[in-house]
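Colleague: The chain contents come next:
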Amino acid sequence: MDRRDYLFRKLILALVTLLVVVVLDFFLFRVLPGDPVRSVIGRGVRITPENQAALRAQFGLDKPVFPDQFFDTLVQWATGNLGISWSLRQPVNQILAARLRNTLMLVSLGEFFAIILGIVLGLVAGWKRKTPLDVGALIFSLVAWSTPTFWLGIILLAAGSSWLGLPTGGVISPENIDKPFLAVLPDIGKHLILPTLTLTIVYLGEYMLIMRSSVLEVLSEDYILTAMAKGLSHWQVLYRHALKNAMLPVVTLVALNLGFTVSGAIYVETVFSYDGLGRLIQTALVKQDYPLLQGAFLLLAVSVILANLVADILYTYQDPRVRSA
Amino acid sequence: MALESTQTLLSIRHLSTEFTGSGGSLARAVDDVSFDIHPGETLGLVGESGCGKTTTMLSIMRLLPSSGRITSGQILYDGVDLLSLNEREMRRYRWKEMAMIFQSAMNALNPVVTVGDQIREPILQHDLMDHEAADRRVDELLDLVGISKARKDQYPHQYSGGMRQRAMIAMALACRPRILFADEPTTALDVMIQAQVLELLQHVQRELGLSVMLVTHDLGVVAEVSDSVVVMYGGKVAEYGTSDQVYNSPQHPYTQRLLEAFPDLNAPGEVLASIPGYPPRLNDLPPGCRFEPRCDQRIELCSRLSPELEEVTNLDHGSLTSGSKPFLRHLAACHLCTSLEKRQ
Amino acid sequence: MSESWVLIKRNLQEFWRAFHRNKMGILGALLLGSAVLVAVFAPLLTPYLPTDTIRDESGLGMTFASPSVHPPLGTDDAGRDVWTTLVFGARISLSIGFLAGFISMFLGSTLGILAGYFGGWVDNLLMRVTDVMLVIPDLPLMLVLVATVRQLKLNVSPLVILVLVIGLLYWTSTARLIRSQVLSVKERQFVARSRAIGAGHFYIMRKHIIPQVMPLIVANTVLILSTSILVESGLAFLGLGDPTRPSWGAMLNFAFERNAISNNAWWFYLPPGLAIVWVTLGCVMLGNVLEELLNPRLTAHHLEGGENMISRKEANLATRPVNLNRNEPGSIAGERSGG
Amino acid sequence: MIEESTTPTEPMLQVDQLVKHFPVPQSLWGLLTRRKAAMVRAVDNVSFSIEKGEVLALVGESGCGKTTIARTVIGLEKPTSGQIIFNGHLVDVVARQQHPEFAPLEPGSPGTPEQKVLPFVSLRRLHQKAQMIFQDPYESLDPRATIFDIVAEGLEVNGLARKRSERVEKVQRALDEAGLRPAEDYFWRYPHELSGGQRQRVVIAGAMVMEPDLIVADEPVSMLDVSIRADILNLLRQMRNQRGVSILFITHDMGTVAYFADRVAVMYLGRIVEIGPTRQVLQNPLHPYTQALLSVVPVPNPRLRRKRVILQGETPNPIHIPLYCRFQPRCPRAFERCTLADPSLMQPVRNVSGAVSGGEQHQAACFLLE
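Protein chains in written order, with my numbering: chain A, 1 to 325; chain B, 1001 to 1344; chain C, 2001 to 2339; chain D, 3001 to 3370.
Do not rely on the hints blindly, as some may be mistaken.
Under the rule of at most 20 Å between Cα atoms (straight-line distance), these lysine to aspartate or glutamate pairs were calculated in the EDC-like manner [as the list claims (entries may be wrong)]: (1) A:K130 to C:E2292; (2) A:K287 to C:D2242; (3) B:K1149 to B:D1117.
The following residues of chain A were derived to be distant from chain C, with all beta-carbon distances above 12 Å [stated by the list, open to error]: (4) K10; (5) A14; (6) D25; (7) D62; (8) D72; (9) Q94; (10) A97; (11) S108; (12) S146; (13) L182; (14) D187; (15) L258; (16) V262; (17) D275; (18) L293; (19) D319.
FYI, nobody ran anything at the bench for these hints, they're computed from the structure. Positions of the beta carbon are idealized from the N, C-alpha and C atoms, including for glycine.
So that you can see chain A by itself, here it is in the shape it has in the complex:
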């Protein structure tokens, strides 16, 4: 399979996935009982049947669900119009945009530390197999993998806030909200410490486990023996020959794990009252704010699909067997 074909396949897959997500997102919410118009206006407000019908026509709800409503919605979504939140009474896309930045900040920091630490720890653990270091790292990863994210968050929250005096939640202290970004950076950073730590620990376990077993497999290959025979030191063998090969499965895993990453964000944001997309989903769920839920789900899914595509493209640069025929 040459690179063009590989990327072509991945692109088609991304499009198909997008289609599935859109269809799911649209129809799942259409299945729901109750009149959307009723919900938009709010429960207490009185409205005449005529007005209600007019509103229905305005929202296009008098047309058949498929194909008219579906394609109308599709066009709206494509132009960024995700409807109005029932609970917040604001356009969904505006709410999402504000939250996206926070989530991205949190998730990318967590992923970054987890990947770096996971690769280094996994490499060393695989190399020093069966030493106390390896056993320790292995136990840590297994426990980290088995720990529910939200519970770890709760413990860190309890410990961090009472012993270290770190903030218990939020993105930023209330008094700092209106100040310029750079001035409040330390404050934002302080708020990020505990959530990032939680995410890092949770992701780290899996990355380390994969890296370790990948390293073990690579180290039993003949080309490692060749590298040893060339007179390279252990570190040189690890760095020049083992690392690149062993990292291939980790890259794949990072891509495949983006969904998992999102789950982590939902839990962590919920526990730390961190105003990101994850918490938004949780709130929308509790308040039964379906347009918001629909929009958030769409945005998350699209981000993951895109990130996946990027990871696939990066992979072709990592593995020459994909790069050239």
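Knowing the structure of chain A, use the given hints to seat chains B, C and D on it.
Modeller: Just chains B, C and D now, with coordinates in the frame of chain A:
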């Protein structure tokens, strides 16, 4: 012929290597093995799978896996005992003095590094020259083995099987080593490609005055290229002599049976001789001679006492050995080959 | 047939011989086994029911009583015994986890075997479906699904919804794993031999494919259990459990929502989390060990040798005078045969 | 049973103009741009026959199509075109679904002349009477089955020897004949407890238990040590001598051919380039490819080192088979004619290198013979 030189390049003395099995059981993969390699000589190390030939090679390079352990012996390279060196000192010998090629070049080349970089790596590692000179050297080497230098930026998977083995040879020659260990270099290849690779090996050997240790199970390949032959069985040396001695006047019953079992195009007989039974498992060796359970010439002594490797004294098969070149000694580990008084 | 019984016994003995030396596997089995025992014998382990409110002498409900006041684990915000909720929660958590795990395992292995063995469009379809499902973020999808199903007011327990949603979403990784294993088994010569002898597809699958992938299925089932227990706890934590029959995740939801943290009621939020870790860790350990034992791959790697390769003590003994130089008198043979 | 309607001169196996092409898996891009799928021409019009009790060796380098022929003959692959006639019966792949046993052709239906006169043999029948021995004894035994189950598999699958005692007896006899004695000791062991040579004996026992007329042996000894090889070859030869089994022996090793085969067919890129009695082919090779191949076979005698004819380059990919004579680009003796036409098998008109003529049976596909 280089054989006539008095000085040896590599002397293996009483080398023994053990492996620890999963249940703590010990397997003696190499047992008291001794032989010499002279400058410019090609030595064939022949034996069936599990006879310890690859372990011998890895022991010399000190590249055994953690379960393996050299328990005794000396490996004298130019007078230096490699077993007395620490890891850092040993590294200077690897590839610069002794290089290796493997059976499966596909597995022995790193899939994510270009072939050119892999050839250049040991040159830079051993500080032999700067980057530019090293690049030129890579071109020369590729030229020597018959690969277009335009292909040096390609990856191993873009090469065919024969080309990978050529690239492997180029890589092995990168630091101008004095000894080349070739572990089944042609086994995975078709006969025609095998012939091409063997010819290339012989060519570079002549050109560079290399010593080659050819580790293989293929008696035919050894006969084609080797000056001297070590036949191993069950971790021990069964017979050691020049190719002519071993092939035309085999003394050890194992060598004899093995040669009879090897099909010869030029003299096909009615029935191919076979050796009954199976090679011993290394963790369950017979107490006496390793070949005794399968030997058709065994005497009572064989089951009790493991024979030492000694010079062949009772030549029934003509005195070809001492006749042609008196200084080339022919050794065999068999009670039948030693003089009668020693047997008692 | 007596022979097959002897064979089974022999195989089990062999497995046990390898397994009982593996500390990690034993520990995993103990963790998982003890949790199952607790769930089964829950009513025997506590004098209360999960619905009972603990009252002090004056008859008032004790809320957030610490373990020192009300052993062993204190009370929660509604004055219920935490230990009782915990042991009864084991029943909910484990049964949801096990049911969902088995559903996804059954679906995954069946589809994986069929797709791997028959290939063609069945395989193509399956792989594309799993590709798509792997990319869609699972938790948001499940949240949306559970929310939708609940709105339909179908009059089923929320726990059943959880089982189905988890079970029907988590079969993909298993299917891929089993499929790739079947693909490699299918290409092996003994399958070709069986075909050449005249065996049909059903026979080959029954006699050759399934026995080869069964160990993997067993090991994977245990691993899948850990995933489904974790996922269940997460969904319950986000409020999708059954408040009347709290699992460990739902307990944590209560603890979090009702300010156990600010009340410093660690006895409320620590034990359920520890219980989840206990069980999932047990599954992960057991699963990994089973996979390693039943499907061994790694033997040794090349960087472990090095300095300690030569056993020094004995190496020194080897420096006896030897001479193998061929044109000088005296040889190893001559010197050593005398001694 | 297959009726003994055939005369003694009738070959046990006859392969007529066999062609087997595999489409190269298409890339998605290629599918969308509607590029034509490339074909691997693994077997490209091959004909040969094997007499009763005869050993025919099919020799060639990897990728020459010899294994594909083996798999097609045994019914593991469906031929693209051509016919396989087994013991006077036309092997029909379709027949299996329609007729469990014999599939007589309906009168008046279209078919080749052979189809009109030959009864069909179903694949099921073929599976019983033609057995295959695979290259890798470590791979051809199910690691989770006992030796008894492995040897008895053929009986079980084909519903033969339904009584257990009968099956035990047959398995016992087969193992015994394959040199695994006492047979009972092996019944309940697993393949991993046996050595390579023992495993190959189990495979042979599994084939012999079916009392086959034809054995297709695909490199049966190439994975074994030299000291074991002779044993296995001698065992196969003994089966042939005692039971008159025909053997199609697939190998890349000219050395074993010399000992084992009555006739040899040399293959290059999906074609037979030379065929004839073993001794004649080995001593007086007609085709330049055979000559080169023989010259590079290592000889286990350092005194007999000789000039090797080493062909340059590598065998072309069977997707892009050279036009006209397919060996011509690498042939040291190619001349103009070779780039104009594709030679078919022919007998030498005059003695090529002054050696004795091979007689009618010895043929090669080379214009040098004209």
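Colleague: Confirm or reject each hint.
Modeller: Going through the hints against the structure:
1. This hinted pair checks out: K130 of chain A and E2292 of chain C have alpha carbons roughly 15 Å apart, not beyond 20 Å.
2. The suggested pairing of K287 of chain A with D2242 of chain C holds, with an alpha-carbon distance near 18 Å, which does not exceed 20 Å.
3. Note on K1149 of chain B and D1117 of chain B: the hinted pairing holds, with a Cα-Cα distance of about 12 Å set against a maximum of 20 Å.
4. For K10 of chain A, the requirement that its beta carbon stay farther than 12 Å from each beta carbon of chain C is not met, with the minimum near 9 Å.
5. Taking the minimum C-beta to C-beta distance to chain C, about 8 Å, the non-interface status of A14 of chain A is violated against the 12 Å cut.
6. Residue placement check: D25 of chain A does not keep its beta carbon more than 12 Å from all beta carbons of chain C (closest about 8 Å).
7. Distance check on D62 of chain A: its Cβ is at least 22 Å (rounded) from any Cβ of chain C, clearing the 12 Å threshold; non-interface status holds.
8. In this structure D72 of chain A is separated from chain C by more than 12 Å, as the shortest Cβ-Cβ distance comes to about 21 Å.
9. With a cut of 12 Å on Cβ distances, Q94 of chain A stays outside the contact zone with chain C, its closest approach being about 20 Å.
10. The Cβ of A97 of chain A lies farther than 12 Å from every Cβ of chain C, with a closest approach of about 18 Å, so its non-interface assignment holds.
11. With a cut of 12 Å on Cβ distances, S108 of chain A stays outside the contact zone with chain C, its closest approach being about 16 Å.
12. A Cβ of chain C approaches the Cβ of S146 of chain A within 12 Å, the least distance being about 4 Å, so the stated non-interface status is violated.
13. Chain C leaves L182 of chain A outside its interface by the beta-carbon criterion, the shortest separation being 32 Å against a cut-off of 12 Å.
14. No Cβ of chain C approaches the Cβ of D187 of chain A within 12 Å, the least distance being about 22 Å, so the stated non-interface status holds.
15. Distance to chain C contradicts L258 of chain A as a non-interface residue, since its nearest Cβ pair spans about 7 Å, not more than 12 Å.
16. V262 of chain A, annotated as away from the interface, has a beta carbon of chain C within 12 Å; the closest lies near 4 Å.
17. For D275 of chain A, the shortest C-beta to C-beta distance to chain C comes to about 17 Å, beyond the 12 Å cut-off, and the non-interface label holds.
18. Non-interface status of L293 of chain A relative to chain C is broken: a Cβ of that chain comes within 12 Å, the nearest being about 6 Å off.
19. Chain C leaves D319 of chain A outside its interface by the beta-carbon criterion, the shortest separation being 18 Å against a cut-off of 12 Å.
This entry does not satisfy hints 4, 5, 6, 12, 15, 16 and 18, going by the numbered hints stated previously.
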